[in-house]
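K.L.:
Taking this note's numbering, the leading residue of the sequence shown gets 73, the next gets one more, and so forth.
No lab work stands behind these hints: they were computed from the structure. Remember, predicted model here, so these are calculated numbers, not experimental data. Just so it is clear, CB atoms sit at the ideal spot from N, CA and C, and this is done for glycine as well. There may be inaccurate statements among the hints.
To be verified - Below, computed lysine-lysine pairings styled on PhoX-like, alpha-carbon distance capped at 25 Å:
(1) K81 <-> K168
(2) K159 <-> K81
(3) K103 <-> K166
(4) K168 <-> K80
(5) K103 <-> K124
(6) K103 <-> K81
(7) K103 <-> K80
(8) K166 <-> K80
(9) K124 <-> K81
(10) K81 <-> K166
(11) K124 <-> K80
(12) K124 <-> K168
(13) K168 <-> K103
Said to hold, decoys possible - Label-pair restraints from in silico Cβ distances:
(14) D153 <-> K124: 39 to 45 Å
(15) R132 <-> L158: 30 to 36 Å
(16) E156 <-> E77: 23 to 29 Å
(17) D170 <-> G119: 35 to 41 Å
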Amino acid sequence: MDSIEQSKKLRALFFSLWEIMRDNGGGNWIKGIENVIALLTPPTYGGTNDAKSAIEDARRAYGSMFGGYGGFSEYFIWRDDFNERLKINEALDKIKGDINNMFN
73 MDSIEQSKKL RALFFSLWEI MRDNGGGNWI KGIENVIALL TPPTYGGTND AKSAIEDARR
133 AYGSMFGGYG GFSEYFIWRD DFNERLKINE ALDKIKGDIN NMFN
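Model the full structure from these sequences, guided by the hints.
P.N.:
Set out below in structure tokens:
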């Protein structure tokens with residue numbers, strides 16, 4: 073897959089992630105996701121004007137969100153109903169997994 077197609081697919085995944093977070097209290101992480109989306113958006117790709125460079129920048133930006141205590145890896149969506157909580161967090165985890173697969 074070429075870089076333009078990869079950036080398009082990644083942007084769609086990050087937008088889906090952003091929508092879930094927007095609807096469920098994404099806190100401080102929404103801004104980071106918005107920054108990654110901007111990096112993956114043509115034609116400027118966050119100022120790099122190059123999809124391949126933008127993907128690398130997005131990979132680094134997204135990866136930096138996971139470091140340390142309180143990182144993005146600890147983010148989950150709370151629901152009082154266990155089944156609802158399980159369903160929404162499975163959707164969240166699937167998107168995060170798909171993003172990781174696209175980056176790797």
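K.L.:
In ascending order, which of the hints set out earlier in this document are inconsistent with the structure?
P.N.:
Hints 16, 17 not satisfied by this model.
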